[in-house]
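2 protein chains.
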Amino acid sequence: MPEETTAHPVEALLRAVEADDQSAVLAIASEIHYADLAQAYQDLDEERHPVFLKSIGPELAADMLVELPESMIEEALDHFRPAELKVLFRELSDDDRVDMLQAVGDEARLRYLGLLGPEDEELTRSLLRYEYDTAGGRMTTRFGRLFASMTVKQAIEYLRRDQDNTETLSRIFVVDAKGHLIGRVRLRDLAFNTWDTPIRDIMAEVGSEQRVLATADQEEAANILLKYDLVVLPVIDEFDHLLGIITHDDAMEILQEESTEDFERFGGIAGDQDEATYLNTPTFSHFRRRAGWLVGLAFVSIVSGYVMMRFGSVLSQAFVLSLFLPMVVAAGGNSGGQATTMVIRAMSLNELIQGTGTRVAWKELRTGFLLGLLLGICMALFTAFILPAFSPGLPAGIGYPRLALSVAVALTAQVTSATFLGSLLPFGARAMKLDPAVVSAPAIAAIVDVSGMVIYFSVVRTLLGL
Amino acid sequence: MPEETTAHPVEALLRAVEADDQSAVLAIASEIHYADLAQAYQDLDEERHPVFLKSIGPELAADMLVELPESMIEEALDHFRPAELKVLFRELSDDDRVDMLQAVGDEARLRYLGLLGPEDEELTRSLLRYEYDTAGGRMTTRFGRLFASMTVKQAIEYLRRDQDNTETLSRIFVVDAKGHLIGRVRLRDLAFNTWDTPIRDIMAEVGSEQRVLATADQEEAANILLKYDLVVLPVIDEFDHLLGIITHDDAMEILQEESTEDFERFGGIAGDQDEATYLNTPTFSHFRRRAGWLVGLAFVSIVSGYVMMRFGSVLSQAFVLSLFLPMVVAAGGNSGGQATTMVIRAMSLNELIQGTGTRVAWKELRTGFLLGLLLGICMALFTAFILPAFSPGLPAGIGYPRLALSVAVALTAQVTSATFLGSLLPFGARAMKLDPAVVSAPAIAAIVDVSGMVIYFSVVRTLLGL
Numbered sequence: 011m012p013e014e015t016t017a018h019p020v021e022a023l024l025r026a027v028e029a030d031d032q033s034a035v036l037a038i039a040s041e042i043h044y045a046d047l048a049q050a051y052q053d054l055d056e057e058r059h060p061v062f063l064k065s066i067g068p069e070l071a072a073d074m075l076v077e078l079p080e081s082m083i084e085e086a087l088d089h090f091r092p093a094e095l096k097v098l099f100r101e102l103s104d105d106d107r108v109d110m111l112q113a114v115g116d117e118a119r120l121r122y123l124g125l126l127g128p129e130d131e132e133l134t135r136s137l138l139r140y141e142y143d144t145a146g147g148r149m150t151t152r153f154g155r156l157f158a159s160m161t162v163k164q165a166i167e168y169l170r171r172d173q174d175n176t177e178t179l180s181r182i183f184v185v186d187a188k189g190h191l192i193g194r195v196r197l198r199d200l201a202f203n204t205w206d207t208p209i210r211d212i213m214a215e216v217g218s219e220q221r222v223l224a225t226a227d228q229e230e231a232a233n234i235l236l237k238y239d240l241v242v243l244p245v246i247d248e249f250d251h252l253l254g255i256i257t258h259d260d261a262m263e264i265l266q267e268e269s270t271e272d273f274e275r276f277g278g279i280a281g282d283q284d285e286a287t288y289l290n291t292p293t294f295s296h297f298r299r300r301a302g303w304l305v306g307l308a309f310v311s312i313v314s315g316y317v318m319m320r321f322g323s324v325l326s327q328a329f330v331l332s333l334f335l336p337m338v339v340a341a342g343g344n345s346g347g348q349a350t351t352m353v354i355r356a357m358s359l360n361e362l363i364q365g366t367g368t369r370v371a372w373k374e375l376r377t378g379f380l381l382g383l384l385l386g387i388c389m390a391l392f393t394a395f396i397l398p399a400f401s402p403g404l405p406a407g408i409g410y411p412r413l414a415l416s417v418a419v420a421l422t423a424q425v426t427s428a429t430f431l432g433s434l435l436p437f438g439a440r441a442m443k444l445d446p447a448v449v450s451a452p453a454i455a456a457i458v459d460v461s462g463m464v465i466y467f468s469v470v471r472t473l474l475g476l
Numbered sequence: 011m012p013e014e015t016t017a018h019p020v021e022a023l024l025r026a027v028e029a030d031d032q033s034a035v036l037a038i039a040s041e042i043h044y045a046d047l048a049q050a051y052q053d054l055d056e057e058r059h060p061v062f063l064k065s066i067g068p069e070l071a072a073d074m075l076v077e078l079p080e081s082m083i084e085e086a087l088d089h090f091r092p093a094e095l096k097v098l099f100r101e102l103s104d105d106d107r108v109d110m111l112q113a114v115g116d117e118a119r120l121r122y123l124g125l126l127g128p129e130d131e132e133l134t135r136s137l138l139r140y141e142y143d144t145a146g147g148r149m150t151t152r153f154g155r156l157f158a159s160m161t162v163k164q165a166i167e168y169l170r171r172d173q174d175n176t177e178t179l180s181r182i183f184v185v186d187a188k189g190h191l192i193g194r195v196r197l198r199d200l201a202f203n204t205w206d207t208p209i210r211d212i213m214a215e216v217g218s219e220q221r222v223l224a225t226a227d228q229e230e231a232a233n234i235l236l237k238y239d240l241v242v243l244p245v246i247d248e249f250d251h252l253l254g255i256i257t258h259d260d261a262m263e264i265l266q267e268e269s270t271e272d273f274e275r276f277g278g279i280a281g282d283q284d285e286a287t288y289l290n291t292p293t294f295s296h297f298r299r300r301a302g303w304l305v306g307l308a309f310v311s312i313v314s315g316y317v318m319m320r321f322g323s324v325l326s327q328a329f330v331l332s333l334f335l336p337m338v339v340a341a342g343g344n345s346g347g348q349a350t351t352m353v354i355r356a357m358s359l360n361e362l363i364q365g366t367g368t369r370v371a372w373k374e375l376r377t378g379f380l381l382g383l384l385l386g387i388c389m390a391l392f393t394a395f396i397l398p399a400f401s402p403g404l405p406a407g408i409g410y411p412r413l414a415l416s417v418a419v420a421l422t423a424q425v426t427s428a429t430f431l432g433s434l435l436p437f438g439a440r441a442m443k444l445d446p447a448v449v450s451a452p453a454i455a456a457i458v459d460v461s462g463m464v465i466y467f468s469v470v471r472t473l474l475g476l
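Protein sequences appear in the order of chains A and B. For the first sequence, the positions run 11 to 476 when our numbering is used. For the second sequence, the positions run 11 to 476 when our numbering is used.
Worth flagging that the hints you see were computed from the coordinates, not collected in a lab. Just so you know, not all the hints are guaranteed correct.
To be verified - Cβ-Cβ distance ranges computed for the label pairs, FRET-style:
#: 1; chain 1: B; residue 1: Ala399; chain 2: A; residue 2: Ser326; range: 40 to 48 Å
#: 2; chain 1: A; residue 1: Lys96; chain 2: B; residue 2: Thr204; range: 43 to 51 Å
#: 3; chain 1: A; residue 1: Ile387; chain 2: B; residue 2: Ser81; range: 25 to 33 Å
To be verified - Anything over 12 Å on all C-beta distances counts as not near chain B; from chain A, calculated:
#: 4; residue: Pro92
#: 5; residue: Ala187
#: 6; residue: Ala261
The C-beta atom is built at its ideal place from N, Cα and C for all residues, glycine as well.
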């Protein structure tokens, strides 16, 4: 992963804030990108925030706030007076304003809605109906929209009048008189055609799969953008009315959020992905997101401990048998975790549609068997040829070949079954309408620890006659 | 994760291929998006590929091939005759052609280069100098480029002449007479300004951080696009000459690839991310990518086994001590894995720049201690109040409170140290110029298994006097 190169202006900005030099802060902040501004803000101690925000004023703050983690929004807005907030909210695009209002408490949201003009308030309230993580919750209504009956000349004039209110003109959508989505044109089609050409003649169709319902999951929208290499995805209602657009940069953010969520869930971290950065999250929040799984899984481990306790007499007959117990147990956790990793990732890349469970299970059964066999053979060779040099003391009447065979059989059985189980559990979670990534690496390990104990002791008792 | 809805045309296409009805295949294939075409191709059995490719011909195949996993490219190209390949390569944009030539063997690459026209061959050879995973390797040279000295009218005519050769006109870059990048204009600036306006007057500056060196890592390029919400990122050489652009859809693919790679590495899957889908990857490839870690870690587990064997006499003094051993060991793996998950993810989101290691370690030390304490208290309560009901038999002279204390101390020590270690190892990997995600969940578990054994037996021996 490449290092972020710290731009010098950001450092100068931080120094100006420390020195409480408001005009210097404003001067530097006006020059740099809002993404850098947001980074600088997050790097500051909290007591510097008021100086920073007062210096840059509501116009510059608006763009910057969009880039902040949700958890920092309300505190930042609190530093502005109502008149400043009016300016700030006017600066924001509709989707960003909605995101911001979704990030604050109910009381603040009502207060802020009252600061918007009547038109903005109505629009914002209608957008607030969609959940944050739906296509409707992420869309903007600031986009180029033309009527099919216009000419190129009318279209250019229409767009020019409204150009400050559109986020992108790289794709312009065409609607009929009733607002149904019927096509799209590119700005280049307007720029490169004669002025009397009707829009109807130069528009392209929008395929039924290249649009998304406002109520659909945000991830579905992002995947459509990704699959069809779109810059802009139109969002419609169930009657095909064009409501808004989702842009490529939203899609990138969504994909980033979703893959972070998968990654964290799989690592046994509970709760929604916190938008705050790792270092900005307080220790206690880190603690809270991990404690649940850790305590829950500890109780599952008691089952492993119980099995071990019950078979304690086997181990006490020859200490050498302890040598292989952790390996058999761990090999299950490792191979099961690998299988789960592959399946969860393939699921989030939309590769495993409904009905592929059997094919996956069959593939993993074979993969698991091959892995178990390989591991079994390696460890059998170790037991038969290297272990004797350490003369660890075998149970009475048992030779190294028989011990090697037992270890190999136990490993093969454990790895095969753990791999198989690890590949199936995400399907089980999906069938129960859960995120497959709840089958985390620690969870799978805890489960196959138990089976590993049972398999090892059963095999050793049977094959060695203990 | 939402389900992919299977479009009916794709099914019709598959049926037409099965029926060997070449004209039906062509008719349907001409109507659907190349991404769907590629999906249909991958869903077919290999023996149907020749029929499919012959039916759609080189023009349609060109766009589709771009969407295929690398491993399927060479086989697909093999089905075309040289004359068809000439057409196919002419259809491709320069960056796609380069990607394709990078996906085939050396012998095939030379043969294919010979099929290109002299101009294309020279361009392709110059692009092949950049590694696949660098900004230069991903860029396209088909982009809108204007000279600062042009007027709007000249610019529009210049772009119109060349419009089939540009991938995007949403951002057009401006160069000086020597080809240095000096600004950018949007197509809307051209469309909405009078024809005699000089480009120099309407162009915007391109910040020094909003460009990327051709030799930079592809992930750096994607992160710049993401950070600054760009549609297009200019790629330059060390003298600021504009060489090409990377578009937003490339960035999405790069981010997807990189997060898959992180996820798989962390799950203990070795090797580069295979571009083939899970189900299209043969069982033996799955086996190969997992076997290395599995065998390596099994040998690490022998160390755990050795510790257990050495302390076997402790366990044999009271079987109840076995009850907590798997828990202490597993709690380390779980908490260490959680810490590693958080750190690796924060690193790939570029949150942890150089020099933050100490802050992370301190945060994790506190988090780990809190987690260990919580777990210790839970299990002490269990041991003191619930366990006695099962009268498991304690070592001579030891009461439940003392056992509870030992378990609590061992858990706290194990979870604290495992969390601390889990957070530091990715920094270690990074310092050694490795991908931090090589510190996989299984690797951290194997390491803290050993420390867990040592901690548990030491604590039990000391506090219980065994």
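Is it the case that Ala187(A) keeps its Cβ farther than 12 Å from each residue Cβ in chain B? 25 Å, holds
Is the distance from the Cβ of Ala399(B) to the Cβ of Ser326(A) consistent with 40 to 48 Å? 26 Å, violated
Just want to verify: Pro92(A) was marked as not at the interface with chain B; is every Cβ pair farther apart than 12 Å? For Pro92(A), whose nearest Cβ neighbour in chain B is about 29 Å away, the distance exceeds 12 Å, so it holds.
12 Å cut-off, C-beta based - Ala261(A) kept clear of every residue in chain B: Violated: least Cβ distance 7 Å, not greater than 12 Å.
Between the beta carbons of Ile387(A) and Ser81(B), is the distance compatible with 25 to 33 Å? The hint (25 to 33 Å, Cβ to Cβ) holds, given that Ile387(A) and Ser81(B) are roughly 29 Å apart.
Range first: 43 to 51 Å. Now tell me if the beta carbons of Lys96(A) and Thr204(B) are that far apart. 36 Å, violated
Violated hints for the displayed structure, listed by number in ascending order: 1, 2 and 6.
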